[in-house]
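**Student:** Those protein sequence lines, which keep their order, are chains A and B.
Under the working numbering, think of the first position of the first sequence as 1, with each following residue one higher.
Under the working numbering, think of the first position of the second sequence as 1, with each following residue one higher.
Keep in mind the hints are simulated off the structure, nothing from the lab.
Some clues are possibly wrong.
To be verified - List of simulated lysine to any residue pairs, SDA-like, C-alpha gap at most 25 Å:
(1) A:Lys279 - B:Asp244
(2) B:Lys243 - A:Asp112
(3) B:Lys33 - B:Lys243
(4) B:Lys207 - B:Ile50
To be verified - Okay, the calculated bits of chain A under chain B, using three or more residues with CB under 8 Å as the criterion:
(5) 70-77
(6) 126-133
(7) 138-146
(8) 181-190
(9) 237-248
(10) 251-265
Backbone N, C-alpha and C define an ideal beta-carbon position, used for all residues, glycine too.
The lines below spell out each chain.
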Amino acid sequence: MAGALVVAEHDGTTLSPSTSRCVTCASAIAGAQVTVAVCAADAGAVAAQAAELKGVETVLKVEQAANAHPIAAVLAPQLAQLAQLAGGYSHVLGPSTTFGRDLMPRLAALLDAPQVSDIMAVESPTRFKRPIYAGNVVVTVDVVDAPIIVGTVRTASYAGAPGGGSARIESASVGTAAAAHTRFVSVSASKTDRPDLQSARRVISGGRALGSAEGFQLLYRLADKLGAAVGASRAAVDAGYVPNEMQVGQTGKIIAPELYIAVGISGAIQHLTGIKDAKTIVAINKDAEAPIFEVADIGLVGDLFEIVPQLEKLLS
Amino acid sequence: MKRVLVGIKRVVDYNVRVRVKPDGSGIALDGVKMSINPFDEIALEEALRIKERGAADEVVVASVGNADCQQQLRTALAMGADRALLVDTASAGGAPGGDLGLEPLTLARVLLALVQREQPFMVILGKQAIDDDNSQTGPMLAALWDRPQATFASKIELAGEKAIVTREVDQGLETLEVGLPAVFTTDLRLNEPRYVKLPDIMKAKRKPLDTLSLSSLGVSSRARVKAVRFEPPPQRQKGIRVKDAAELAAALKQKGLV
Ligand SMILES: Cc1cc2nc3c(=O)[nH]c(=O)nc-3n(C[C@H](O)[C@H](O)[C@H](O)COP(=O)(O)OP(=O)(O)OC[C@H]3O[C@@H](n4cnc5c(N)ncnc54)[C@H](O)[C@@H]3O)c2cc1C
Ligand SMILES: Nc1ncnc2c1ncn2[C@@H]1O[C@H](COP(=O)(O)O)[C@@H](O)[C@H]1O
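Chain A extracted, bound-state conformation (with noise of 0.2 Å):
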């Protein structure tokens, strides 16, 4: 019997959207029963989120007080405890968010499974689909010889699963505690009331040209009367014009949505792995030869200082 064991993203209170798109992908390998853990010191709240998820059999609570922060070297342990109870588990998943790629590899090692990151597509049960080189190439990969394989899911690649499921929620009981040597200090998360990048139905993102964080302020507004999430280039990143939690790319995060604007973006290869998927996009620049107008479905040559204000204008 096939089972897949999904690893829940969380911040106490709420589970990631990441995590349905998860349940997504493990849903498509057949014949495998869903399982949804979550490692939390209280994990009522958010099990009861990922119940609802439709193709979720089971959720279980792994409550430990060191598992209030997502530490990999606290909860690899544990999971891999748990993926080996009874025998059950053919497939281990978490998200490719920063979250899962910190832990997967850990767990995996813990469990001597190889592992297959940003599975795109489950072909079977023991054949994926990955992208490589910033997604200028698909590969499909065999894993062979592994009673277990562990994977993280690009959440780009699936919808989330649709509510009104029912799944039953127990607890798991597993040893170990704290990893002594691992202390949480904080988290600092800029503070906004824009929609999540992750999961937004429309993302305007700047560049370089932007010149300054005064200069975002353009995009600000626009977002707002759109209800967009903000992102950014690495070079806007770097630059300070904006936080790094919100890069788009091969090394910030792989985004969606339904309409992708680049103001001022040129398009290098490590951007557009990021918003490949988005079903729409937009590019304003002003030089006509930018990378980033081969992949736009709707270009705009132009100075973005004019453009961006007409069409917060145009658009209200």
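Fit chain B with the ligands to the given chain A structure using the hints.
**Tutor:** Showing chain B with the ligands alone in chain A's frame:
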């Protein structure tokens, strides 16, 4: 001896747009420019700065692959590393054209063997290799070694037996305190690597570069993730050009996007 071990992967240069071979069997690598994985350059730069501050005595770089990796190791020595280790995988059937090479868990075993040999107090790797984009090796090594990991680091401060690390996570910036020894993986904003100067390239030729074999480290090169086909990603349809903001707004409205 306080030693830092740095992983150096030879990869296709980040400026190259790679092509899939027409028969889908691999990637056309003939004549393509090869470089140090950008994240590993950052790892090395960090190690050099730690040594220059007096917090480490020696920086050792290691590459796992075929003899061509000597080029990247020489560059690393020219940047300032003290010694280099090449773990030669050629005899183990290594990574011929287009294959993805050793898988991360095997690589982590190789690195663990080097850790046991060199006894570093820090291992610094890249957060991902820009060819396979696996992003696995660092946490796997930390698990096998049973030591802490601090991935996606954008700031590393050493304080006695501990390191305080700022990590770039999706939510923003996280701070972790880890006991040493530990495994670190680098994010782009940790530092800006230095340029190699010509005299240093000459000097680097005299620095030690030792070659080891997989079997001498007691690691077998079993492969459980096998690439069966390579293909280019689906191409997007050609788009339209609009001439001004008004036309753009109209096009967006017509598509029902705003
Ligand atoms: C290992 C590695 C990983 C990377 N990861 C990422 C990543 O995750 N995400 C990412 O974005 N990048 C990444 N990069 C960097 C990437 O290669 C590019 O350097 C970066 O995306 C460029 O950012 P940009 O387009 O904002 O800047 P530029 O390339 O400088 O482009 C600015 C653009 O603005 C246009 N412009 C200037 N003024 C105006 C104006 N007034 N009106 C309209 N247009 C104007 C210019 O024509 C130009 O096209 C990575 C690089 C490496 C090596
Ligand atoms: N063949 C290799 N030789 C040396 N270091 C490597 C090799 N492959 C991976 N690494 C290290 O592991 C990091 C992450 O690689 P990966 O897990 O493949 O994305 C790289 O940035 C390197 O620091």
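**Student:** Verify the coverage statement for the segment 237-248 of chain A against chain B, using a C-beta to C-beta distance below 8 Å and requiring 3 or more qualifying residues.
**Tutor:** holds (count 5)
**Student:** Can you confirm whether chain B covers the segment 126-133 of chain A, using C-beta to C-beta distances below 8 Å and requiring at least three such residues?
**Tutor:** Satisfied; 4 residues make the cut.
**Student:** How does the segment 138-146 of chain A fare against chain B when you require at least three residues with a CB closer than 8 Å, holds or violated?
**Tutor:** holds (count 9)
**Student:** Sort out whether Lys243 (chain B) lies within 25 Å of Lys33 (chain B), counting only the CA atoms.
**Tutor:** violated, 39 Å
**Student:** Does Asp244 (chain B) sit within 25 Å of Lys279 (chain A), going by the straight-line distance between their CA atoms?
**Tutor:** Holds, at about 22 Å.
**Student:** Holds or violated: Lys243 (chain B) and Asp112 (chain A), Cα atoms, limit 25 Å.
**Tutor:** violated, 57 Å
**Student:** For the segment 251-265 of chain A, do three or more residues have a beta carbon lying closer than 8 Å to a beta carbon of chain B?
**Tutor:** holds (count 4)
**Student:** Quickly compare the C-alpha distance for Lys207 (chain B) and Ile50 (chain B) to 25 Å and report which way the hint goes.
**Tutor:** Holds, at roughly 20 Å.
**Student:** The segment 70-77 of chain A covered by chain B? Criterion: 3 or more residues, Cβ-Cβ distance below 8 Å.
**Tutor:** With 4 residues in contact (Cβ-Cβ under 8 Å with chain B), the coverage given for the segment 70-77 of chain A holds.
**Student:** Does the segment 181-190 of chain A contain three or more residues whose Cβ lies closer than 8 Å to a Cβ of chain B?
**Tutor:** Since three or more residues must qualify, the claim that chain B covers the segment 181-190 of chain A holds, with 10 doing so at under 8 Å.
In summary, the numbered hints that this structure violates are 2, 3.
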